[in-house]
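Chain order of the listed sequences is S and U.
Take the first sequence: its letters are residues 1 to 73, numbered as in the numbering used here.
Take the second sequence: its letters are residues 74 to 429, numbered as in the numbering used here.
No lab work stands behind these hints: they were computed from the structure.
Built from N, CA and C at the ideal position, the CB exists for glycine as well.
Be aware that a few hints might be false.
To give an idea of the chain S side of the interface with chain U (calculated C-beta under 8 Å), a few residues [said to hold, decoys possible]:
1. 1
2. 13
3. 45
4. 51
Here are the chains, one letter per residue:
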Amino acid sequence: MCLAIPGRIKRIEGEFGIANFRGVERRIGLMLLPEAKVGDWVLVHAGFAIQRIDQEKAQETLKMLEEVLSYEE
Amino acid sequence: MRNESRLAQGLLHKIEELATEETNLMEVCGTHTMAISSSGIRKMIPRTLRLLSGPGCPVCVTPAEDIDWIIEIARLPGVILATFGDMVKVPGSASSLEAEMAKGAEVKVVYSPLDALQIAERNPKRRVCFVGVGFETTSPTVASTILLAKKRGVRNLFIYPGFKLIPPAMGFLSEKKEAKIDGFICPGHVSVIIGSRPYEFIPKRFGIPCVITGFEPLDVLQGIWMLLLQRANNHPRVEIQYRRGVTEEGNPCALASLERVFVRCDSQWRGIGVIPSSGLGLNQEFADYDAKRAFDLPKPKPLEPRGCICGPIMMGLKVPPDCSLFGERCTPQTPVGPCMVSSEGACAAYYKYGET
Chain S
1 MCLAIPGRIK RIEGEFGIAN FRGVERRIGL MLLPEAKVGD WVLVHAGFAI
51 QRIDQEKAQE TLKMLEEVLS YEE
Chain U
74 MRNESRLAQG LLHKIEELAT EETNLMEVCG THTMAISSSG IRKMIPRTLR
124 LLSGPGCPVC VTPAEDIDWI IEIARLPGVI LATFGDMVKV PGSASSLEAE
174 MAKGAEVKVV YSPLDALQIA ERNPKRRVCF VGVGFETTSP TVASTILLAK
224 KRGVRNLFIY PGFKLIPPAM GFLSEKKEAK IDGFICPGHV SVIIGSRPYE
274 FIPKRFGIPC VITGFEPLDV LQGIWMLLLQ RANNHPRVEI QYRRGVTEEG
324 NPCALASLER VFVRCDSQWR GIGVIPSSGL GLNQEFADYD AKRAFDLPKP
374 KPLEPRGCIC GPIMMGLKVP PDCSLFGERC TPQTPVGPCM VSSEGACAAY
424 YKYGET
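Go ahead and model the full structure; you've got the sequences and the hints to work with.
Below you can see the structure in the form of structure tokens.
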């Protein structure tokens, strides 16, 4: 039930935005993430953006994993 | 080999090295239950590791009393009941919303509480009740919807408050010590909202490692490995594996909306009991939106299905195949208990992916 789906913000209209989910567009509430900007990837739960997805951190996590695992190979 | 499967192999190797003794790791999130079952992780990891499904499915932990109450509301003339789809099939003591729909109750399955607000705005003469079930991921979306309803002057929307909080439940299980829990795979999206700090009392008071984990198979494997490392180094703490979504402080705006609209209360968890300060009710300022107040109904006397062991399963004491009803009388087509009804319940996940 706590499923959150990544979408990319296409437009912002006041407290709402239009987000693209793999080609499907939906209106989402931005009240819980007022700092959201057009172009941001966000996690969407129950019609609301709840967090920006930090691409840098995602890459960092993978890189760290690569390093730790290759170190002992 | 593809990069992802190479990393998974590497992680499994690391996990094998560390999994030298019997270890119970508990997740408290239905999305993790599903991710673990569907990816087959339980079968890949060493036998010494047991992955338990805790009380992480909101539908499963909603007490029969609440379901009975919601059904009574749906039966009232002129009421439209709006709910997330997961709730429709859950049996109360004698009926379910699905059964009531067949008898003519107006029940709308919605994807967002905003849809319930829209229904209320389009039907100004009707009373619309939204079933507010969920954890910290969901409750801010409802708080936000109530704030919007108030701003727009909508007076015919009511919320049935059945929200629950995860850290108090983890504390309760850790304190009880009935199940030996050696590590918590903490929920990713609850933690998007609350951050990592609310879990800190768990390693501090109980010495149990916590890792906030994402939902991809690699995330889960890395989370398991991090928990085992904490144990091996004897340094229990709260770590974040799911860095791309979770920060230490969480989502301050969402937390502020919770603070604004709700107040903490004791809450009954189905099959487990009352956990102090583990629920959210509407505060005084928003009491007019409280369905329990607006629809003054007699307190139901709930009956639990006989033979069902969903409670002990969610407390980590049993696994679904231990239940005599599992796969026989209780299947997704003919569910007896809540963990089989909800698609993300432990029993439904075990059944669907053949973990018998």
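* Asked: Any of the earlier hints contradicted here, and which numbers?
  -> 2
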